[in-house]
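Undergrad: For reference, the chains in residue letters:
Protein chains: 2
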Amino acid sequence: MTSNDQAALIAVDWGTSRLRAMLLSAGGAVLAEAGSDDGIGKVAAGTHEAAFERLVAEWPAVPAIMAGMIGSRQGWREAPYVACPATPAAIAAGILRFETAKGRPVAIVPGVMVRSPDRDGDVIRGEETQMVGLLERPGGYRGLAILPGTHSKWATIGEGAIADFQTFLTGELFHLLAHQSFLRHSVTGEDGDLATSPDFALGVRRMVVEGLPFLAAVFSVRARYLLDDVDLHANRAYLSGIVIGGEIAAARSAGRLQDGTAIGIVGARSLARAYHRAFEVAGFATGTLDGGEMVLAGLVSLARGIGFLPGESR
Amino acid sequence: MTSNDQAALIAVDWGTSRLRAMLLSAGGAVLAEAGSDDGIGKVAAGTHEAAFERLVAEWPAVPAIMAGMIGSRQGWREAPYVACPATPAAIAAGILRFETAKGRPVAIVPGVMVRSPDRDGDVIRGEETQMVGLLERPGGYRGLAILPGTHSKWATIGEGAIADFQTFLTGELFHLLAHQSFLRHSVTGEDGDLATSPDFALGVRRMVVEGLPFLAAVFSVRARYLLDDVDLHANRAYLSGIVIGGEIAAARSAGRLQDGTAIGIVGARSLARAYHRAFEVAGFATGTLDGGEMVLAGLVSLARGIGFLPGESR
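Going line by line, the protein sequences match chains A and B.
To get the working numbering, take the position in the first sequence, counting from 1, and add 119.
To get the working numbering, take the position in the second sequence, counting from 1, and add 119.
Watch out, some of these pointers could steer you wrong.
Just so you know, same-sequence chains aren't split out, so a pair can sit in one copy or run between any two.
Said to hold, decoys possible - In the SDA-like style, the derived pairs of lysine to any residue whose C-alpha atoms are separated by at most 20 Å in a straight line are:
(1) K161 <-> H304
(2) K161 <-> S136
(3) K161 <-> Q299
(4) K161 <-> Q193
(5) K161 <-> R303
(6) K161 <-> T135
(7) K161 <-> F301
(8) K221 <-> V175
(9) K161 <-> R192
None of these hints come from the bench; they were simulated from the model.
Use the sequences and the hints to build the structure in full.
TA: Right, dumping it as C-alpha cells:
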C-alpha cells in the first residue's frame, strides 16, 4: 500500500444503510478503505459531521467528496437535483460545497431529475455518479445503463450526458411480496441462486412473452402453491422472474427497449446475473459493468471538475 | 324479532380476520346475529369447534353452513376447490359435511378454482358464495361481478354459472405501498374520502388512458412529493388511483372488459364508490350490489341445495 503522505482526497459513497469511504492519491489510486453502518437512515440530524470524522479519524485532513442520499433532505445538507439531460460538467456545477468545523472542504454531489411535460417526474441520487463514471470511460458510453436494486434505474446515456431515465420499484416490491404479503407462505424466505431455476425463466416469460399484467401475475404465485404443490424455492424463483420480467416488460412498453440498443447492467454480481438471464429469456444480450468501479471513477472525475484533484475531467 | 323457536339454520361467514353468524328461520329470515374476531388467522388448529360453539352458545342446536377461509388448509377442515365453470349445484355437491362432537350437522362450502391450459390457475374462497347469491336472484345475473378488496376478484357470470374469474392483488399492494414501502413518507396514513380527490382521477387516468406500466407508475408518487410538493392526502388519493386504475387496465389487457358488458361491484360502500368513480374515469358505467345480502342469499340457496333448509334452490 502506498503511504498516506500521498493522500489527496476522500471519496465517499453515503447511502441509506451504509457509509463507505476511500482515501485516494492525487492520481486517483485507492490508498485505504473504511466503512460503517452509519447510513443516513440511522444518523440523526446534526450528527453527520461527527459520524464522518469518526470513520476517517486516522486519515489525513484532505478534502472529501460525497455522493448518495447524504445530499437528500434527510442527509447532511440538501444538494438540489440537476435536470436531464445532465452532463458531468452540469453535475459538477451543481455540487454543494462547504467546510466542516475543522476546516475540511466537503463537496456533495447533487441528484439528477427528469422534469418533462410529456411524462411523470423522476429522481435519482447516487446512481448519477456511477453514470458519470460510465461516461468518462475511454471511448465513453452510448446505450442503456440499467442499475438494478431496490429502485431499479434505467438510464439512456448518449451525447456525453444522462439523457433520460426511469425508475421501477422492482427490488422493493419483490421484498414486500416475498416477506410481507400473504405470498410469504407460498415462497421460501431464502434467496439462494434463483436465476438458474427454470421457474425463474418461466416467470420472466409470463411477463415479457405472454404479457401478463403485473397485478394479476403476482396472484399466480399463490395459485401455483395451492393447486400445483410447487416447491417453495422454485416458487420464489418464479416470483423473482415475474417481478424482474415485469420490469423489462414495463420498460419495453414505455419505449425504452429497442432492438440494437446496447444494454449495460451495473451492479452486484448475483443481481447482475439474474438480470442477464432475464434479458436472455426476453431475447436481448447484455453486458455487465462493475458498480463499485463506476462510483470511484465518477467521484474522481467530479473531484477533478471542481479542483479537488489535479488534472481535468475527460 | 321472531322467536328462536322458528330457528332452522346458522349461516356463517368465517374469514381470516372475522367470524360472523346469523340465525335463520326456515324461510331464510334473519332471527339473530353474532360476531367475533375469531378469524381463522387467530384460531389455533383443533379449536375451531370450540370457537364456533362459544359464539352461538345461546342459540338452538340447529345445523350450520359455513363459507370462507374456514374451508381452507388453515381452517377447520379443508373443502377442496370446485372447478369453473361452477354452477350453484356443482358448488353444493362439493360441500363438505360432518357432525360436531355434540352431533350438530355442519356444512362447509368449497372454494372455486380455474384450471386451464390457457392461463394460470386461480382460486377464490368465500366470494363463490356471494356469486351464488347473485346467480340466484330473480332474473339471475349475466356480466362481470367485481368483488374489490385485499384480493380483488373479477368474475364472469353467465349461463347460470361462475364461468371464469381472475384475482388482482390490488388492496394488499395498496396497503403495502402506502404503509410498508418507502412511499409511506410521501402519502398520509389516513384514508379519508380518497375517491373524490381530483388526484384519484388523475392516478386512474395515468393507468387506463395513458397506459403507464404499474412498476414505473408507483415511483411517480415519490417524485410528485419531492419535485412538486404535492400534499400528502392528495398523494395518497393519487396512489389509490394508480392501484385501482392499474387493476382496471390489467383486467382490460387480459380481455375482461368489453364494451357493453354489465359491471356489478359487490362490496363495502366506500370501496364500491371508489371503484365506481375509477370506472367512470375509464369510461364505463357500473352498478352496485350489497355484499352482505349476497353472502346471505348464497348460504340460504346452498343450504336448500343440501336439505339444511326446506325448499329447493331456484
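Undergrad: For each hint given before, does the structure comply? Return the numbers of the non-compliant ones in rising order.
TA: none
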